[in-house]
Amino acid sequence: MEQAVRARRLQKRRAFIKRFKQTRALYWFIVPGLLFYVLFKYYPIYGSQIAFRDYSPFLGFWKSEWVGLENFTRFFSSPDFWKIIKNTLVINLANLIFGFPFPILLALMLSQLSNQRMKKFVQTVTYAPYFISVVVLVGMLYTMLSPYSGVINVLLKRMGLQAVFFMGKKNLYVPIYVLSGIWQTSGWSAVVYIAALSSVSEELHEAAIVDGAGRLKRIWHIDIPGILPTVMTMLILSAGQLLTIGFEKAYLMQNSINIDVSEVLSTYTYKRGLVDGDFSYASAVELFQSAINFAILVAVNRLSRRVNDVSLW
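Per the working numbering, residue 628 is the first one in the sequence shown, and the count goes up by one each step.
Calculated directly from the structure, the hints in this document are not laboratory data. Watch out, some of these pointers could steer you wrong.
Said to hold, decoys possible - With a straight-line cut-off of 27 Å between C-alpha atoms, the simulated DSS-like cross-links for lysine-lysine are:
{"#": "1", "residue 1": "K796", "residue 2": "K898"}
{"#": "2", "residue 1": "K784", "residue 2": "K797"}
{"#": "3", "residue 1": "K746", "residue 2": "K844"}
{"#": "4", "residue 1": "K876", "residue 2": "K796"}
{"#": "5", "residue 1": "K713", "residue 2": "K844"}
{"#": "6", "residue 1": "K713", "residue 2": "K797"}
{"#": "7", "residue 1": "K796", "residue 2": "K710"}
{"#": "8", "residue 1": "K876", "residue 2": "K797"}
Every value quoted in this text rests on a predicted model; they were computed, and no experiment measured them.
Start from the sequences and build out the full structure, keeping to the hints where you can.
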């Protein structure tokens with residue numbers, strides 16, 4: 628019995644080595660990606676220890692004093708703690724509620740276009756904004772929403788209404804952030820769902836048409852179930868970033884008037900870490916953020932596996 632098991636293992640090993648030799652050129656394409664993650668994702672984990680130290684660049688990692696959870700305690704007891712967590716969650720939840728479904732709707736609408744030229748044109752126009760720099764995007768927002776010469780306020784004045792300082796109103800910060808993000812990223816994000824829709828069998832649509840199903844019924848009963856695994860996978864990944872907001876856009880849209888609603892974890896750690904030079908404290912905040920994101924990712928993945936039998940692992 629043991630000899631048979633060993634023989635099977637040896638056969639599998641030889642088969643793997645044979646396949647590896649036949650396809651070894653393809654493995655070279657994996658090397659750049661592996662190097663990227665090792666150098667920029669895994670190796671920096673070594674520096675996370677400064678979150679538990681009173682780090683000094685002159686003393687280095689190991690000679691800096693070990694303070695344990697002191698930096699975390701400082702953050703949890705900070706008067707800014709709940710405000711920053713609230714701002715981060717509000718923006719990300721708004722992005723998830725309003726921004727996440729939009730690429731799906733866009734992909735479904737594009738899949739229904741029979742005119743291929745129009746389909747390509749709309750797809751190109753919608754995903755082109757993704758390549759605009761965040762700095763340029765925020766500059767465009769300030770220009771278009773300017774209370775003096777912005778195109779929107781010019782129209783408001785011509786309608787006899789009073790000009791609005793959009794970027795200075797706290798209650799408009801989140802809508803502007805979310806809507807501009809939808810405009811910039813929806814077309815690019817829709818590419819994933821367009822690819823998923825292309826794998827839906829045309830025979831199902833033909834059979835549904837024969838049975839008298841209209842376009843909306845075919846979308847609801849064929850297209851959406853067909854891309855549901857992709858939707859759930861993207862939802863899990865989005866939920867895993869619930870406490871993460873891109874630093875550039877949040878910081879560039881921030882000013883002294885809206886700072887009460889625009890101060891998020893990424894801008895807070897930048898100011899405390901790089902501006903104030905409190906590296907250990909900023910690292911503790913980032914480590915806390917990563918730990919919460921990981922916990923949310925695991926929880927949502929487990930829930931998705933139980934409900935829809937779709938999960939990342």
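Hints versus structure:
Pair hint K796 plus K898 holds up; C-alpha atoms about 23 Å apart against a cutoff of 27 Å. Only pairs whose Cα atoms come within 27 Å are accepted, and K784 paired with K797 is accepted, the gap being roughly 22 Å. With a CA separation close to 22 Å, the supplied pair K746 and K844 stays within the 27 Å bound. Under the criterion of a C-alpha separation no larger than 27 Å, the hint pairing K876 with K796 is consistent with the structure, at around 17 Å.
As the CA atoms of K713 and K844 are separated by approximately 40 Å, the hinted pair breaks the 27 Å bound. Taking the CA atoms of K713 and K797, the gap is near 14 Å; set against the 27 Å cutoff, the hint holds. For the proposed pair K796 and K710, the alpha carbon gap of about 17 Å is at most 27 Å, so the pair holds. Restraint check for K876 and K797: the C-alpha separation of about 16 Å stays at or below 27 Å, so the hint holds.
Comparing the model with each earlier hint shows a violation of hint 5 alone; every other hint is respected.
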